[in-house]
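Residue numbers (the numbering used here), protein chains in the order written: chain A, 1 to 66; chain B, 67 to 281.
Keep in mind that the hints were calculated from the coordinates and are not lab data.
These numbers come from a predicted model, not from an experiment.
Do not rely on the hints blindly, as some may be mistaken.
[What the hints assert, rightly or not] Partial list, derived from the structure: chain B residues whose beta carbon lies under 10 Å from chain A: (1) Glu103; (2) Lys126; (3) Cys199.
Built from N, CA and C at the ideal position, the CB exists for glycine as well.
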Amino acid sequence: MLAAKTVELSRDEILELIETYCRRVNRDATGVIRGYRQGHESDFEHLAEAYALSDLLADADPIFSA
Amino acid sequence: MPTRSSPPDWSSPAASARKHSAACRAGGKKAFRHFRELVSELLCVTIAHREASVWMPKPKAGRPTRSDLFGGHGPGDSLVRLNNDAYLRLIVSLFLEHDGPDRYLRASMCTYQYQFDPAGDERVFRYEYRRDCDAGDNRPMGHLHVRGDLRTDCLPAKGTLERVHFACGRPTIEGVIAVLADEFGVPTHAPESVWRPLLRETEQAFLRVAHPTTT
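Extracted from the complex, chain A is given alone in its bound form (with noise of 0.2 Å):
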């Protein structure tokens, strides 16, 4: 079996994962979790990793609020 581990991850080392790979792409991360969420975002190529990390942030998180 190759080496598996599970990482536990905070809300904020979530959001600063998310920005790494916003920043590589001049996008705003705010834009890009809200726009995932709201399933109009698409780009795979780009931002496949931000997409899944933003999955596992809370519905009531406050990012996705005003």
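Got chain A sorted already, so can you dock chain B onto it with the hints?
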């Protein structure tokens, strides 16, 4: 007793993969870990470099019924190194779906990209799947992008082959592994007599319960 010249015994990892495949379908919180182990075993038997790895980010708080599976060694990584020193960019977003009293493992999106450099500039193809698309999104739920050039000028103005969404049904990790081994010549660890029936078995088990795709 095995000797140094004995051929590797692949019955154990194959049996382990079958066990994890069944446990994935059984659902519950443990299904996340079983999916991680299943993918790990399938890659180990086939095309993954011996130093390759997969990891699973899990929220400390937030959505306890969510997790992802990424290729690579940890945060910031999503690449599985392959036996030919190319890479498989692997990202799967997972969740548990309530079905009566039970909760079953589902994927909300996945991306499998074959590439020759860590940055992905030398990518070859990418399978994408998204379960819930915007109502106005006309792209197939499961599709394939190919980075290449057409020999015939047949695309709309400014269109490129890579921007075409080839509908492909539900992408599976087993299908991606088979394409890389069969069509791109990525060497496998186990002989074909071991890995091919194993991939078929776990893929068919998955597809029997998989969410159907539409174009």
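Checked hints:
1. At its closest, the beta carbon of B:Glu103 sits 6 Å from a beta carbon of chain A; the interface hint therefore holds under the 10 Å criterion.
2. Here the hint on B:Lys126 is kept, as its CB sits about 5 Å from the closest CB of chain A, short of 10 Å.
3. Hint on B:Cys199 holds. Least Cβ distance to chain A is approximately 6 Å, under the 10 Å limit.
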